[in-house]
Structures are given as C-alpha cells and as structure tokens.
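4 protein chains.
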Amino acid sequence: MSFNSFGHVFRFTTWGESHGPAIGTIVDGCPPGLRLSEADIQPWLDKRRPGSSRFTSQRREADQVRILSGVFEGRTTGTPISLMIENLDQRPKDYADISAVYRPGHADYAYEAKYGLRDWRGGGRSSARETAARVAAGAVARLILPDVSIRAYVVEIGGAAIDGAAFDEAEIDSNPFFCPDTGTAARWERLIDDARKAGSSLGAIVECVATGVPAGWGAPIYAKLDSELAAAMMSINAVKGVEIGAGFAAARLRGEENADAMRAGGDHGPAFLSNHAGGVAGGISTGQPVVVRVAFKPTSSILMPVSTVDRDGNETEIGIKGRHDPCVGIRGAPVVEAMMALVLADQKLLHRAQCG
Amino acid sequence: MSFNSFGHVFRFTTWGESHGPAIGTIVDGCPPGLRLSEADIQPWLDKRRPGSSRFTSQRREADQVRILSGVFEGRTTGTPISLMIENLDQRPKDYADISAVYRPGHADYAYEAKYGLRDWRGGGRSSARETAARVAAGAVARLILPDVSIRAYVVEIGGAAIDGAAFDEAEIDSNPFFCPDTGTAARWERLIDDARKAGSSLGAIVECVATGVPAGWGAPIYAKLDSELAAAMMSINAVKGVEIGAGFAAARLRGEENADAMRAGGDHGPAFLSNHAGGVAGGISTGQPVVVRVAFKPTSSILMPVSTVDRDGNETEIGIKGRHDPCVGIRGAPVVEAMMALVLADQKLLHRAQCG
Amino acid sequence: MSFNSFGHVFRFTTWGESHGPAIGTIVDGCPPGLRLSEADIQPWLDKRRPGSSRFTSQRREADQVRILSGVFEGRTTGTPISLMIENLDQRPKDYADISAVYRPGHADYAYEAKYGLRDWRGGGRSSARETAARVAAGAVARLILPDVSIRAYVVEIGGAAIDGAAFDEAEIDSNPFFCPDTGTAARWERLIDDARKAGSSLGAIVECVATGVPAGWGAPIYAKLDSELAAAMMSINAVKGVEIGAGFAAARLRGEENADAMRAGGDHGPAFLSNHAGGVAGGISTGQPVVVRVAFKPTSSILMPVSTVDRDGNETEIGIKGRHDPCVGIRGAPVVEAMMALVLADQKLLHRAQCG
Amino acid sequence: MSFNSFGHVFRFTTWGESHGPAIGTIVDGCPPGLRLSEADIQPWLDKRRPGSSRFTSQRREADQVRILSGVFEGRTTGTPISLMIENLDQRPKDYADISAVYRPGHADYAYEAKYGLRDWRGGGRSSARETAARVAAGAVARLILPDVSIRAYVVEIGGAAIDGAAFDEAEIDSNPFFCPDTGTAARWERLIDDARKAGSSLGAIVECVATGVPAGWGAPIYAKLDSELAAAMMSINAVKGVEIGAGFAAARLRGEENADAMRAGGDHGPAFLSNHAGGVAGGISTGQPVVVRVAFKPTSSILMPVSTVDRDGNETEIGIKGRHDPCVGIRGAPVVEAMMALVLADQKLLHRAQCG
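Residue numbers (my numbering), protein chains in the order written: chain U, 678 to 1033; chain F, 678 to 1033; chain L, 678 to 1033; chain B, 678 to 1033.
Since the hints were derived computationally from the structure, they do not count as laboratory data. One should not assume that every hint holds.
Repeated chains share a single entry, so a pair holds when one copy, or any two copies, can fit it.
Straight line, CA to CA, 25 Å or less: simulated SDA-like cross-link-like pairs of lysine to any residue [as the list claims (entries may be wrong)]:
1. Lys724 / Arg743
2. Lys770 / Gly710
3. Lys874 / Ile821
4. Lys874 / Ala938
5. Lys998 / Asp766
6. Lys998 / Ser729
7. Lys998 / Arg940
8. Lys998 / Gln719
9. Lys998 / Glu934
10. Lys998 / Ala938
11. Lys998 / Gly943
Quick caveat, the model's predicted, so the values are computed rather than measured.
Chain U on its own, in the form it takes in the complex:
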C-alpha cells in the first residue's frame, strides 16, 4: 500500500533523491541464514552504474553499497536489510536555471500539480537514480532464487531490432548495450552516436527471460505473476509498455497458432511445444521460461530545444545540457532484471506460504 514499497512478503522500500546525500532501500521479509555481503550486491550495481561508456550518462558515481542492518556474521538474520548508496557526484547547480521550467517528458509539471512543490535537482525523487536502489534490492532477491536464471538484454534500439538468429547470450556483457548480437551492437553504436551528436535520444526494448521457475508460482486473481510483473516493469522510469510472452503479437494470432500444445516428456510436467504464453497461464507459472518485454521511451532530457512553459505559465524553450543517457533503455536492462528477481522472490515465498 505504501507508495515507495513493492512486494508482499518479500518487500522492499526505496528512498532518496538524485541529488540528495544518499539513496537506499530496506529489504524486508528476507529468509534468514543466507550468505550476504556487499560483494554480492556490488557487481549488479556496477552493471547499472553510469559513466561506464560514452553511451551512458557521464555522471560519475561509484555506487558503493553499504549494508547497515539485517546481516550478522555474514548471514541474513531475517530482519530488515538496510542498504545505502551515497550520492557523490551531485551537481544540483546544474539544475538551478531550470528549476522554474517544466521539462517536457519529465515529471516536473505532474509532481508540482500533485505536491505543490518539487525537488528540481535532477528530478529529485523522479530521477532514474532511484533504480539503483532496486538493483541493490534485486541482488538480495537473487539469493532466494538459486535455481532461477534471469537474463535481460536489449532487443531493439531506435527501431533497430536484433537478429534473432544471431542471438548469443555470451555476447550480452561484451558490449555496452547488453546486446546479444554483435552485428546489431555495432549498428546501435552508430545510431546512438548520431542521436547524441544531434542532441536527440533513442528508445529501446528490453527483453527479460527467467528460466528455472517451477510451475505453480503466482496467484489468482490480483496477485497474478504477470500482473505483478507488469506493475513492476511499468514502475521503472521511462517504461511505457509491458508484454508477457507473445504479448501484442498474440492479439494477431489465431487460437490454434497461439495455443502452446503439450506433449509428454517434460522434466517436471508436460513438454510444451511453444511458449506464446511466456511461462504464465491464469497468472501462474507453467514451468516454461518466464518472458517479459519492456518498452522504454527515448530519454526525455535532450539538448535539442523543445517548447514548454514555466511555473508562471510563460512560454519558453528548453534544451537540457547536463549529463544524460542518450538511450535510457540500455541501463534499464539491469533494472528490469532486478525487478524480475524481486517479483519472483516474493512469489516464491507467497507460494510457500499458501501451498507449503
């Protein structure tokens, strides 16, 4: 119910603003006895960290996480795990001159309409910096899912999709785009460079697959696995669409094409001949890979000037200088992965609660 919390029995709460002293998360409901240190969390944060290539924001943040509670002698105690990341490269002054102007595509106007005031330093709470806290929480969630493998990657940037035939999971971490196809990665490099130089930005589509999820996780009717995933993904900054399995394409298939026929011989149940369902039926996992696709809009902060108004209603134009990702969807991939882990960990525990 809390505005800044997510999850039911495995639940995390995040706090912090882009240019405040720190951001953080409290992870509650974690099973006890799991080995956990900062070293288990840091690698995931490093994947999301800005400044690692010219294709991401040039903000320099070490994003060093600190465990403040919930771990004793290297193991989780079952009590809340407080994780904190200090903001080091704050430059609130960068924003002073736009403090009274509404940046199109940003939450500036909406926040001010809601709250009557807003922290204009880099978007304050609405900044994508909040997602670092999710990634940290996600690292804890992964401890609960030793048999589940979760992989997110970018499948499309600026309308240019990967070549499915060239998919190679091993490539995902070998380029700055989380791209599973080297040929496409090279194309994206040019596309993004062009957009960046033009003062523009690009959108992206991220796909995430979780394998090893047993049949039976999820719950009717309003805690469906896919409903939870949709909420989780849509809560990420810049996300405008979520699909499960065949998604929107399913609406163009005929019943017999979309049906995932079953044969005998599966390891723990039927052998499915296809996975249009994306691993979820009736809100419950089927044992097939859980597949989600997430659409990120192009970064709203662009150098190219856009018409807008200020707080007093005066018309003006705004081009955002500062340090921004030319394609926010790229760094979205580790966040999508984290949200997948967070949903699955919660659903695993919920399932255990009801069904033992």
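Following the hints, put chains F, L and B in place on chain U, whose structure we already have.
Only chains F, L and B this time, still in chain U's reference frame:
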C-alpha cells in the same frame, strides 16, 4: 496483499467460480452518502453479459446483481458493499469429460501444479466469468468519478485495425464489437464468423481513454498511476500486453518526437501539443487524457483440436465444444473500462489522503 | 489495509449489517486440499448463536452458513472461500423510534460524525452480529492448525472471578457462560439474572489459551504475534482491554519474579518454569501456551434510561427495549477463539513464507 | 503487511540493530509542504535518550537524527523521508560471553527458534533501541496533527500508582520519570534505587491522552482506531497489556455506570458526561480525549541470576551486567506518545481519503 483483492483505500475483493452457485465482490472504502442502487450497476453488467450476439459465448446469464450490504435508504454508508450475481446457466457436465485433460492456453495445468487440484467446471476460478464481479465493482467506482469520462473500445481484431480517421465515439455501442468505426465493424463481422466456423478464434486490442482526470493523481514510485493500470489490465483474463500512451511505439521515436511540448493556455495547466505520455508522467497524471491499450490473446477454447496431455501424462488431443467467445477481447472492453474506473477511484482517494 | 479485512497471507474480509439481508465473509489465501464443508463451520457458529439461553439475546437466528465458493468436491481449492449467513429474524422496526437518537455506549454518534449518515437498524455494521462472520472464518482457520488447541472461556463477570483451583476445562461447554468452574457459573447465573431484571448489564473478562503453537511464529517488529493478537481482540465489539500472559499484573512484578526461567528437558526446546510471557517473547512464540485475556464492557443496550441527545442536539433519555445480551462478553468467548485461530493461521503461513 | 512497517497511508518502516552501525526509519505518505528539519525531531529523541539520569541505561548515545531524503528547502516533498541515527556507543563485546545463552524474558530463544540464528549483540533487532526510530517517525506524524495534543506519562511503577488528585501536567517533564505527581515521583525514586541496587527491575504503566481528535477518525471493522492503537502499543518492547478508556475496569462496571451519557452543549457535538469509552466508540473517535494505558513488564535484563539454558541445552544461570534500564517503562512514555501520533496521523489521512 490479498490474492483476490485490488486497490489500496478503495479496494474490492472478488470471489466465485464459473459454475458455482454465484460470484460476487465486496467493495470496501467507498465514500459515504453516494446514491447507489442495483440500477446503477446493471447497465454495465449488461454490456459485458454473454449471449447478446452470435459473436459472444452462448451461455445465458441474466447477470442480475444484488446489493447485500453497504447501502441504506439508497445511499452508500461507507461500510463494505457486497454485490452478488447468481450463476443460472451452469452446465458443469459440459466439462466432465475434459476434467482430467489440460486445455492448452488455459490455466488447467498451472492451477493443478500450484494447488494439487482444480475446479475443472469451466475453468473454475480462472474463468473470465470472474470479470463480471469487476464490472460490478467498477460501477461503484464510477460514482467516485463524476467528472471523469471513461471509454473503452476495440481497435483491432485478428490483426485488422480500425481506421483512425473514421473514429466515431457514438458508434461504439451500435455494433456488437465496441468498434468506433462502422466500416471496420463490418470487416470484423466476417473475420469472426470465419474464425468461428473454422473452429478457431481471434485476438483483439482494446483501447481505453479516461478524460477529465486532473493533474496530480498517482504516486511515486511503486503506486504509480501507470504501474497500477498495468497491474489492473494484466490481471484480466487473456491479456498479454499493456501500453500507456504511445507505448511500444514510443521506443521507436526520437526524443524530440516523443516529447509532449507545452504551450500556455490550458484550462488547468499547460496546453500540451501531443500526448505520447498517455496522460501520465513520473507515475502521476498530467491532466491530459489517460490512454491505455490492452492486448487480448485469441480465445484458448477452440473447436479445432490441439495436442495436449492428461493428468497422467498421456498424450491426447482436445477440441473444446461448449460455449465460448470466438474473440474474448470483445467482451474485454467493458472489463478494461471497469478496471480503469477502479484504479482511478482508488488513486483519487489516495491523492486526497496525502494531499488533501 | 482494507477497513474490513484482517490478516496478511491468510486474510478474511467481512460484510453485512445486522438487519440487512445477510452477512458474510471471504476467506482468502487458504491452503488448498483441506477438507471443508458447512458441517465444519456450523458447530462454531452454534456456540455463538443468540437465543440459546435466557442469558443471551432473544433474537432467533439459525445462523446457517452456506459455502458459495472456494470448495470443490469437498476440498478447499486455494481460491477465495465465500461464506454467507442469511439474517432471518430482522426487526428493523424495533429501531425506527430511536433512529434519530444517539444510544450512549454505541457507535451511533461516532458513525454519524464520520459518515454523515448511518444504518440505524440494530447498529447496522457496528452490531456484534458482524462477529458471526469472524466465527465462520475462524472455523476455516482451524483447518490450518491441526496441532493447535484453542480454548476461550469466561473468567470474570460483573467483577466475580472464577476460582482458579476449581478450573475444569470439561465444564466450559456445560453451562451457558463458557465458565470453567461450576461454582462460579452458579453465582454468575444469579448476578446476570439480577442485572437483567434491573434493566442493567454486566461486563466480563474472557481468557483464551492456545496450546501446541511451536516456537517461532510471529515476526518483528510490527507484525509481532502479540501485536496482531491485540489488534484482533480489540477489534471485537465491546472490547476495551487486551493482555498477554501476566499482562497488567506483570507491571507489578519484579524482574526476577517475571522472568520465565528455563531448564533442560522441554519437548522441543527449553522447559520453562513459568509463563508470565504468555507464550510470546519479542513478538515470537516461545512454544509455551499463548495466553490472552480480553475485557468486555457491559452491554451498552440497557433498559435503564440514560441521558442522551438526538441528531438535532435536543436532550432526551433513552432506555433500549429490543433483544439484547445482558452480558455481551459471554458470547464474546467464541469470537475470541475465532480471532485467536485467525491470527495463528496467518502467522503460521507467514512464518512458512519467510522461514520455509 | 511488511513485518517492519506500520500504518496504511501514513506509513513508516524501521531498520537497524542495537549494536549495528545505525538505525533508522523511512516515513512514507507524508503530506507535502510541511516545514521539517532535524530540529523538529531531535527534542523528542532527547526525551527518550538513554543516559540522562541514573534511572535509565548508562549507554551514551547522542541519538542525533539526520534527514537523508524527502525534505527540500525545509519542506516535506511528499516523497519518503529517510531518517538515520548512528549508533555511537556500541559495545558488542559486552554480549560475547552470553552469545550462546538464552536470557530469560528476552527474545533470544524465540528468535533462534524462528530464524536459526540471531544477532546477540544487545538483542540485535529485538532491542528497545529500535524504538528510537519510532520516536523519530512520530515527530513527523505530529506535523500532521497541529490541533491534537498528545501527552504520555507514567502512572504506576512497581505497583505504586500516582495520586490522581495530585495530577499536574506541568510536572511531567520536571522529573526523570515522566510522573505527573511530584509526591509519587519521590517514592518512585526510592523504589527504583532499591530495585537497581538489588540487581532487580520494576514494571510500569504508562497512560497517554490525545486531546483535540475530532469525532470521526477510525474505521470499522479491522482498522478501528482502538484496534490500531492496541497493535501499535503492543508492538513496543516489554508491553504486555493495552487498555482503552476504562479498560479492564469497564468489565467490572454495570451498564448504566459505564454509559457515557450525553447532554447538549458540546463544542462540536454532544457534551459527554464521562469518558469510560476513552474517546472511541465502534472503532471511531467521539471527539472526547483518546485515552490509552499500556503495561510494561519489568526490564528482563537484571543482575540477579536466573536459571536458564544455553544453545546446546545445558542448564546454567545468567545475570546480566551491561547497561540497562532498571524500569524500561519510563523511557516507554515517549515511545507510547510517538505511537499515538503515528496512529492518529494515519487515521486522519485515511479518514480524509474516504470521507473527504
């Protein structure tokens, strides 16, 4: 947190199986003093009711709703509103011969993997019949939104999209498809008839627009208006994708194309020159129309036989006779409308809680 | 979060007014595969039923429960269990003449101050009739606790306490007061008769003991087992106080007296030499019996006239005729038992969620 | 639902262990635009701070609070407020020699039974140190209640009650016991000194009164104002009992004695002639002062040896040296006040959500 409840301060819980004695919903947190009688709810149920044309299931249900609590002398009292709809046209016997077979595309296998047993009478709890309870609850939600207009309609069936230029809201209720374009409605009629005769089924895309939502509803970070809408829509049976505003298409736009530029002169804020955001920025409404698009897969129950297995792992084929919608997305439109109303009512009250 | 729901993963929602057509509850999160029929619920309702002796309200209600969902072929399916009890002996007219007067000790004025209107038929939603729904839900909760024995009994009426030395559990169901001591039961009979004839009423204290609760249920900090019990008990009509273990008396003990010393030799842990803690330490069960005591105020509806005002602020006097319990705490015992079961079932599942 | 969170729309989450690096709280749902700085919180923490007299623990903690988020230019922004207090005077070594022994009256055994391990440094999460976070959150809650006055004071220590006739609110802060009666304060001084010297400890009863609460806050049935208060108070360390208004004494009154008769002439409703109800009827405030009484057991950490067992089941004796409050109830008073504020703030916002 409850598996069968939705909402925070305006919250509803549904219960009931497709072929049990009745289904129903408890609406909790409704403001007091609102005029409410069965006559306020029935018209919305009638829109969703099966058996109204050859393009929907031939199950004959009056879907008469009864108010069992929470209303006194014609007005809501602020206490829980219990709404019940009896199931009249139950035919559990229709399902006896498939009680041990997993219908592809249905939740049969997933439910059994989770619970160890399932009510196989028409899908039991996983049946789309549950959505009647949502529509009833949605009618109550509308009372809280006198200044909001909500309209859902089908924009695509079997891959055939409406002609945007021919959009006419007045047409939506004049054809059996909730189609805002008469020319396309005629095409759909043929498509669906063909599919039905072939023992197949079609998918659909439903769009829903809410106008009159003031700027400021919604909340960061995990109760975002769009996140709640995504959860709400994805929880509807057969839904595989949700988009807000430009949705997946936004991922193919450049930053300057996707930006919703602002000018002076709006009624209650800026005049936006476009609405790629779909009325939501940073999880908070902008005052523009809230726009959601929802993808429904083709009905899983088809006459055409599909390979499957039974509970004992034996391979078999199954073609579903019974009474089924050839395109379940059509009757999804009133359900999408209801979920939009339910989310908005809750967010209105949540906003009032925090911001007065 | 919902106003009319209780519990986390095992959760129930109640609805209905004293003189509406029916009352009921939805039990959500129940594990699947448990044997359940109306016959499992009815005996508990019968214990709470009015009209069974001259010491309770003369309202004649069969309190026949009906299972409307969530059970298939005699077993729970894991989906919401809808239970309904029709109100048969409604006499709303009894209340018409006091519809504009605030009954002292009742919620009349408070409800009207909150909601602007109220259902004045027997207190509407604020009637103790709502507790029948809790008892029905509690019967389901008991299925989850096969190894836990829960027993509530009255230990004091009108200031007359039982004689602990004469405690005999077998006597509890053999008198109309749930009194574990026959001598005291005889005294109470006279006390209550006297109060009833005088047009007055008496308060009572109910004690409830749950044995067989293993060590480890409950959770820090705000879902503590004792915190949940306190909330559960205080939510019962007419309850004004809750104690765990030694309770208020603990405040008068010295540290060494209150300490529950431990020795070796317990079945599943230490052998405690006393149980001042009432089976809960740090919010978590210790394996000892869980002991709660609950104070019920005297019934507010009394024949003896009391000064009050009407809706228009005019001073008047009111004496309640109608049908009322001379000591509402007596029928509170089965409700306290039900709430104990509901809390423990939820905590058992919560514990399983986190700790496996 | 979260184990370490409390509240519905105004919600706080606490984290941290007694001897970890820090403790803290996230306050979520706070209305925007309220003036808030550390200086608004610190005075309340100072009241609860240990080491201020010989009647409290000698642990030296500055308990300096730091606001890490949610406040911008001196005002709340509506986003989560992160408050952190560093632990300065940690002495985990004090506890090393008892790390394998279960301290009677403490949560040692229960935690270990639940989680399989425990942070034995000063009780870890189960330490009363956690209540500092509540006090900090309570200071924020007070901002939402400008018209409500909340006062908690100790009314009984070691069985010695205050003299009601000598009650003087102005005295509460003039002695180290939060005692409203100087004569009794002097007696308590001797009682506590004696207990301390004897290596023993004393229990206490704290009363808390909130005036200025308008009629109408609270909600049936399971979010009743008194039910929420009971949960809030029982969640405080060492609390074993909670009463509202006349509480357990109400069980000994007759109906006509307990009735709070009404006359015309109240400022905003009836003038009540008494307040046995403690300001709550049917779970909703009546406009009278809200009165709660809370029983604290004697401090479990005492020098006097008590029989116990160690982790391996060996019998031993334990006397706790370290730094402990001889009467933990004294410092409980500011915590009770904070919890009252936290419940009322949440209920105020909940009421506004539903009833406008």
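Hints and how they fare:
1. Lys724 / Arg743: within (17 Å within a copy, 30 Å between copies)
2. Lys770 / Gly710: Answer is between; shortest inter-copy Cα gap is 22 Å, intra-copy 45 Å.
3. Lys874 / Ile821: neither (43 Å within a copy, 49 Å between copies)
4. Lys874 / Ala938: between (49 Å within a copy, 21 Å between copies)
5. Lys998 / Asp766: This pair counts as within: shortest intra-copy Cα distance 16 Å, inter-copy 46 Å.
6. Lys998 / Ser729: Only inside one copy: Lys998 and Ser729 sit 19 Å apart there, 53 Å across copies, limit 25 Å.
7. Lys998 / Arg940: between (57 Å within a copy, 21 Å between copies)
8. Lys998 / Gln719: neither (30 Å within a copy, 40 Å between copies)
9. Lys998 / Glu934: between (49 Å within a copy, 18 Å between copies)
10. Lys998 / Ala938: The answer is between: 18 Å across copies meets 25 Å, while 53 Å in one copy does not.
11. Lys998 / Gly943: neither (55 Å within a copy, 27 Å between copies)
Figure legend: structure checked against the earlier numbered hints; hints not met, in rising order: 3, 8, 11.
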